[in-house]
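Kindly generate the complete structure, drawing on both the sequences and the hints.
Using this note's numbering, the letters of the sequence shown correspond one by one to residues 350 to 516.
To be clear, the hints were calculated from the coordinates, so they are not data collected in a lab. Treat each hint with caution, since some may be false.
Said to hold, decoys possible - FRET-style restraints, in silico, Cβ to Cβ:
#: 1; residue 1: R382; residue 2: R468; range: 36 to 44 Å
#: 2; residue 1: A412; residue 2: L481; range: 24 to 32 Å
#: 3; residue 1: G476; residue 2: R435; range: 23 to 31 Å
Even for Gly, the Cβ is constructed at its ideal location relative to N, Cα and C.
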Amino acid sequence: MAITSSRGVILIHSAPRALCPHLEWAVGRALGRAVNFDWADQPVLVGSRRAEFYWEGPVGSGAALASAIRGWEHLRFEVSEDPTPRSDGGRWMHTPGLGIHYAQTDAAGNVVIGEDRVRYAMEVAAGDLFELQRELDIALGSAWDEELEPFRHAGDDQQIVWLHKVG
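As structure tokens, then:
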């Protein structure tokens, strides 16, 4: 069976300057080839850097990339993997305070919440509308989106893929 290829983007929203080469090495190891990011200053957090990198690799590379770079403190990032005819897409978001969040995505980049997760949210909410909203916000990664939004806007003069606004 042929290995299906996928592609996606890594958005490093903020990384300490000293961490930048380590992130490139980690991404390169996960992809099996050397990579270089085009780093720029992150104006939202003085002293930090931002980068955007488009990648191609075997299906599942998004998870490998997110795992490779998630262990460092003071790092904010997003990794996306586009869906293929044989696999779902995915989106990983990470902030220092919240940790990592994964969500399945559809062909348009929308977050897809599975049936079991919706049933769990309804069970936990037990008829409480506010609790149901809280559970669905968790499933959607709303807290991660809120924390990352100022960092996304910091690069408005650059071409940015707005993953949460696709569709």
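Earlier hints that do not hold, by number
Of the numbered hints, just 3 does not hold.
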